[in-house]
Amino acid sequence: VEPRHGDMEPHSPGPSIWPVGFAVGIACVLAGLVVSRPAVVIGAVITLIFGVLWARDAMRAGRHPVEETPAPTEAPPIAAAAADLDYEVKTDGEVVRYPRNKFLELTTLGLGGVITAIVAVPVVGFAVLPAFTRQETPGVDLGPTDNFPEGEWVEATFLREPALGEVTRRTAFVRYNGTVSGDPNYTIISNRCVHLGCPVQASGPRNDEERETVEVENSELTLTPVLPANYSCPCHGGAYDTEGNRTAGPPVRALDRYKFSIVDGNLVLIETYAVAEVEGEGARAQIKAYGIQGPGEHVDGLSGWMYPIQPQDLR
Amino acid sequence: MEPNRTYQPVPPPSRRKQRMSDKIMALVWAPLNWLEERSAIVSGTRYFLFRKVPSDSNWFHTLGSATLTAFLVQAGTGIILAFYYRPTPDEAYASIRTITHDVTLGWLVRGMHKWGASVFIILLFLHMARVFLFGAYKYPRELNWIIGFTLLVLGMLQGFTGYLLPWDQTAYWATVVGINLNGTGPVLGPFLAQFLRGGDEIGPNTLTIFYAMHMLLLPLAIAGLIFVHLYLVVRLGVSSPPWSEEAAGAPRLDEEPRGPGLVRPRARGRFAR
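These protein sequences, in sequence, are chains A and B. Residue numbers for the first sequence follow the numbering used here, beginning at 1 and rising by one. Residue numbers for the second sequence follow the numbering used here, beginning at 316 and rising by one.
Bear in mind the hints are in silico, worked out from the structure with no lab data behind them. Don't take every hint at face value.
Below, simulated SDA-like cross-link-like pairs (lysine to any residue); rule was C-alpha separation at most 20 Å, straight line [stated by the list, open to error]: (1) B:429 <-> B:453; (2) B:453 <-> A:22; (3) B:453 <-> A:23; (4) B:453 <-> A:178; (5) A:259 <-> A:207; (6) A:259 <-> B:453; (7) B:453 <-> A:17; (8) B:453 <-> A:288; (9) A:288 <-> A:241; (10) B:453 <-> A:16; (11) B:453 <-> A:55; (12) B:429 <-> B:467; (13) B:453 <-> A:285; (14) B:453 <-> A:18; (15) A:259 <-> A:285; (16) B:453 <-> A:180; (17) A:259 <-> B:467; (18) B:367 <-> B:516; (19) B:453 <-> A:59.
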């Protein structure tokens, strides 16, 4: 039968102003995160106070005192019958609980639990763990270093993992900066926008007539000369200068870069790393480098504390 | 009814007609009786369908059933689409094109699934708005509100995972953005994103993970929760509208108006029945 409207029936916790205040506090925190820090503190205090009051109210056993059930005056007949037995049995209300009964109940539930765990743990592990293990990616061969003239940008598209196919196609902007104390120096910027991962484009002329296709082991890559004034993202308007520093829009850091090495006269990309910001240019650039993190994640400052560990830290 | 009016009694059916209809009814009822005796399915269905509802329930109360219907349409069309869809990076887009352009009536079933997805979410929100504005989430139905909210989240996850499956540029980049958005959550965000991607980068695994979630995990979870949702609806009954003077068929016990509240019975003469 439908309980009637409103507050006529006793129920716990009863209606109160505390949840409303709690919700106001949460709203204040959320709004404060956007507009002002002091509002966050005020909101947190409101949330805490009303939360405590709400919890205190909820823990009282209703507003109406519970009537005490009168104690049974005499033992139920079944318990009286049990008293005649020559071993001890316990009564649970009206039902006699023999020790064997209790034992079988526990073993059935316990064995069922153990069997479930034996089956479930590997299955759940299989569902979750593969995403976090065995992730080493091979280096990417970008072909002979002659393809990258000094001081000019080349847009390279390549397969990160040729075995997995086109879905791993990635783009990097490569500039040879000449040699620094005998070692070749490259600026290699990943085109993954550090806002939410869309592909940034080189804003500027693009020389498609001189596009080259280079055959490398297992796959081929294309190299296109570009003349970027900056890099910009089509999704939400993030913009970066040619060193990858954010100049406009929502990105939270500078564009990621690739580590590289020279193997047998070929330029080989190894892995990406995150960059907070870059001072200076080309070979003299001072790069604040961090381990790679996902797009949208701060790497430095107060907000960087929100991401204390990364999945790759556990490998 | 006017008191002085007289009515002609309906003439009893002829005996031959009577016997004929008895036979037909017996024929219809024979298998149902067989089932009823062994499973109580007929009385169970009656108990579920022919419940007492408030006499002043209205069309807004049908939004929940409409949402359920939309879900069943999604389930049915989705199963048929799975006959032809291939969740691999090389074949997914081509198989979607095949369904749309080559398979007989494929365009219709895919269209129903695509537009039905939006209908499902819209109906979810309308149903939620009805429950909120009618105050039907209040005691003793708070648990059903929580289950309903979980269903909303699962429904939106269905939208997120289903959006990737056509595997075109929009689908791919929307999913990249969606996963990275999850990745920006503090502390656990990067791990959630890693799980959704099935690795460091979006790849073939991402597509199959999303496919399995969209096809198996989430629909099963939604179906299970809908079952619990309906169980609680049957157990607790349908709530009356806020302007109602009666509570689900039972007359009010207190006739005197209550104190000043937001909604006082009889205070809204326009709606009083």
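Outcome of the hint check:
1. B:429 <-> B:453: Violated, at about 34 Å.
2. B:453 <-> A:22: Holds. Residue 453 of chain B to residue 22 of chain A sits at ~17 Å (cutoff 20 Å).
3. B:453 <-> A:23: 16 Å, holds
4. B:453 <-> A:178: 72 Å, violated
5. A:259 <-> A:207: 26 Å, violated
6. A:259 <-> B:453: 59 Å, violated
7. B:453 <-> A:17: This hinted pair holds, its Cα atoms lying about 14 Å apart.
8. B:453 <-> A:288: 54 Å, violated
9. A:288 <-> A:241: Status holds; Cα separation ~16 Å.
10. B:453 <-> A:16: Given pair residue 453 of chain B, residue 16 of chain A holds - Cα atoms ~12 Å apart, limit 20 Å.
11. B:453 <-> A:55: Roughly 18 Å between the alpha carbons, so the hint for residue 453 of chain B and residue 55 of chain A holds.
12. B:429 <-> B:467: OK: residue 429 of chain B and residue 467 of chain B at ~18 Å, within 20 Å.
13. B:453 <-> A:285: Not satisfied, since the Cα-Cα distance of roughly 62 Å exceeds 20 Å.
14. B:453 <-> A:18: This hinted pair holds, its Cα atoms lying about 15 Å apart.
15. A:259 <-> A:285: Cα-Cα ~15 Å, so holds.
16. B:453 <-> A:180: Violated, at about 72 Å.
17. A:259 <-> B:467: Violated, at roughly 44 Å.
18. B:367 <-> B:516: Distance ~55 Å between residue 367 of chain B and residue 516 of chain B Cα, so the pair is violated.
19. B:453 <-> A:59: Judged against 20 Å, a Cα distance of about 19 Å means the pair holds.
Violated hints, in rising order: 1, 4, 5, 6, 8, 13, 16, 17 and 18; the structure is consistent with all others.
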